[in-house]
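A.B. asks: These are the residues of each chain, in order.
Protein chains: 2
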Amino acid sequence: MPFEYLTPLLRDSESKIVLLVLDGLGGLPIDPGGKTELESAQTPIMDKLAREGILGQTIPIRPGVTPGSGPAHLALFGYDPLVHDIGRGALESAGVGLDVRKGDVAARGNFCTLDENGNIIDRRAGRIPTEEAIPVVEKLKSIQIPGVETEVRHVKEYRFAVVMRGVDLAPEIEDTDPQQTGVTPLRAVAFSPGAERTAALYNQWISQARRVLADQPKANGLTLRGFATHPGLASYQDAYGLKAACIAVYPMYKGVSRLVGMDVIEFDGDSPQEEFAVLARMWDDYDFFFVHIKKTDSMGEDGDFQGKVKVIESVDAAIPTLLGLNPDVLVITGDHSTPAKLRSHSWHPVPFLLWAPASVRPDTQSEFGERNCASGSLGNIPALDTMPLVLAHGMRLNKFGA
Amino acid sequence: MPFEYLTPLLRDSESKIVLLVLDGLGGLPIDPGGKTELESAQTPIMDKLAREGILGQTIPIRPGVTPGSGPAHLALFGYDPLVHDIGRGALESAGVGLDVRKGDVAARGNFCTLDENGNIIDRRAGRIPTEEAIPVVEKLKSIQIPGVETEVRHVKEYRFAVVMRGVDLAPEIEDTDPQQTGVTPLRAVAFSPGAERTAALYNQWISQARRVLADQPKANGLTLRGFATHPGLASYQDAYGLKAACIAVYPMYKGVSRLVGMDVIEFDGDSPQEEFAVLARMWDDYDFFFVHIKKTDSMGEDGDFQGKVKVIESVDAAIPTLLGLNPDVLVITGDHSTPAKLRSHSWHPVPFLLWAPASVRPDTQSEFGERNCASGSLGNIPALDTMPLVLAHGMRLNKFGA
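Each protein sequence line maps, in turn, to chains A and P. Numbering of the first sequence is given in my numbering, commencing with residue 2 and proceeding in unit increments. Numbering of the second sequence is given in my numbering, commencing with residue 2 and proceeding in unit increments.
Be aware that one or more of the hints could be misleading.
Pairs count within a copy or across copies, as identical chains cannot be separated in the list.
Unchecked claim - Straight-line distance between alpha carbons at most 27 Å, and here's what the computed BS3-like set of lysine-lysine pairs gives: (1) Lys142 / Lys311; (2) Lys244 / Lys142; (3) Lys400 / Lys342; (4) Lys140 / Lys311; (5) Lys36 / Lys49; (6) Lys36 / Lys400; (7) Lys103 / Lys142; (8) Lys49 / Lys157; (9) Lys140 / Lys295; (10) Lys295 / Lys400; (11) Lys244 / Lys140; (12) Lys36 / Lys140; (13) Lys17 / Lys157; (14) Lys142 / Lys49.
Don't read these hints as lab results, they were simulated from the structure.
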């Protein structure tokens, strides 16, 4: 359990909680003394929520640590990413909807190009596009290994994921990617005795894959990395008593959500308005909704300050749909900062807004922005500490002790 | 490693980092409602840096704990002093430039005055001045013990340090100072079986020392305390990937710096201007510079409020030299507070200023002073958390996870 002391305190409640994550929300001013993306955006709705609610800043993982999206979301969900090291194989597989269960062994796969001697000449198979890769992945699905079940799914461009399911499997296997060209892909080698059988099974799979791919012009070889099993995280239901749904567009976020037992809602469209429409449709079926907005991060990564401002404004404009559902608790935050100025994720604290009309003690802040959040009365808190606050404001925790 | 999770994230960078420590910087107003030493000082340069940078307060060790200078610096350097209990023998020896290596056993020595029966009549040998003590320490250097190498060095007044070097030495030895007069100094007694040989070797050394000192009028005896070995701290190079230099005047600070693998730069002079001139001279040779200003603390200990104000102003006036080098990250802080009002170190939080033009998210503060730091957006953070922030702003950390 992520918080051993909380679980015994859980109580039933009809409350509805929404965690709205604008990926990479935190920013930086371009010029000294200027405004950040969030401060520049016209956000009348979020500003109203800031006046009625409480502000703070979260530290995603630890001070100074720039998080990847997987660990950053785990922390927001209440699972310490320094404790729960989720193998990339499991994250990638779960992300594309492959069901990674306890005992399964998943891996990330890359297509590569081999010469006539079997040596790698391109570690990414010429970065073949998705439409070229999908039929090649289909061929891999035909491979059968006696005694185990394998599932393969395309991820993006030259990347795919594979899951092996059976008894007595173990993930302690070295990557088969030699990280250089001019040599052959490595064999799967176990680094613990318990994983030797799994490595042998994977080597059988790799041999068959080589035959299946032999006539491909570019993707005639493959490497496997990040062998991993299900991280065994307690589910939201067990840890928090929450029936939880994920409304996200990108596979990665769906993957992390699945690993903590959320139901991933599939839908068409990717605008905030469309995501909130899905939220409205599923409103009666869940206690907790994780809604993920990706484009704030994408714009930050592209160095597009104004683009990020516009995405934030589009989310603001759509929030009335969400408020119309009368949530009991609404959190608006990011998983990490992605300042357009840096064109990358960063370690800076993340703006955090908690709105809960029945129970929040408002502070003196009147706008949703980094400087206001830095002066908000929640202070600087680890992202890990936010789920207990959310449960409390959802009136879902009994008193500790008498 | 001080931060296990950081070391795998380290990446190369050309960035230059300066940690400017004004010892005992934090203060108190003399009268209720008044200004502290730092708030009273005219510091136009630091105020400009405060506007462009970010402020906070550090908790040196734990809330309410008044630190000694050794532990306070260790914490700033990223090593938890509650975990790394550095024996005073090792600290004192390293401080005076004795090379304490892993496996060596160092101790602090005090001269004392013995009567004709060998009983202590003055535990500090009449506090003999340095110039009187130095020739006596010279005599101790002649002592030779078969099988080990010993080095002795004068520290200050009646104090010296001794290091024993050889195979299978161990520091678990009780102090030989009985902490009272009228009795003889104690023999070196091991409190673990592994240290019995070392205790015997030290007893041989003590016996020879007694003969060497027999004709001294005051310093005719000695006691040894704080037996310790090298604490085995990971070096700055290993822990942070930083080639680090220490620019300090006092032995203690040089000692702590040596124990974390910094190069100690020797130079003449002790003004801020002279220290910054050394910094400029060594600029190309290091990634990280620890610059230590002692006199803020000395003035605080003397209860000299105005004297401390003047020292702070002299540092401010010298900072342009430092800024002319274009550091990427500049931290200005103290190791602890030494309010002139209290005439001693104290537990109060310490003003902390982080300036990093390329990456800092400025807050709303406009001056460098305790009240401003208490409202700064870094909040109250453990001193231990500052090195990861500094590495992040130096762009020396890769992303954690994907």
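A.B. asks: So, for every hint listed, does it hold in this structure?
C.D. replies: Okay, the hints, checked on the actual structure:
no., hint, verdict
1, Lys142 / Lys311, "neither (42 Å within a copy, 75 Å between copies)"
2, Lys244 / Lys142, "neither (33 Å within a copy, 52 Å between copies)"
3, Lys400 / Lys342, "between (45 Å within a copy, 17 Å between copies)"
4, Lys140 / Lys311, "neither (42 Å within a copy, 78 Å between copies)"
5, Lys36 / Lys49, "both (19 Å within a copy, 18 Å between copies)"
6, Lys36 / Lys400, "between (42 Å within a copy, 25 Å between copies)"
7, Lys103 / Lys142, "within (22 Å within a copy, 57 Å between copies)"
8, Lys49 / Lys157, "neither (40 Å within a copy, 48 Å between copies)"
9, Lys140 / Lys295, "neither (32 Å within a copy, 71 Å between copies)"
10, Lys295 / Lys400, "between (37 Å within a copy, 18 Å between copies)"
11, Lys244 / Lys140, "neither (38 Å within a copy, 52 Å between copies)"
12, Lys36 / Lys140, "neither (52 Å within a copy, 68 Å between copies)"
13, Lys17 / Lys157, "neither (35 Å within a copy, 39 Å between copies)"
14, Lys142 / Lys49, "neither (52 Å within a copy, 63 Å between copies)"
In this structure, the earlier hints numbered 1, 2, 4, 8, 9, 11, 12, 13 and 14 are contradicted, and the remaining ones agree with it.
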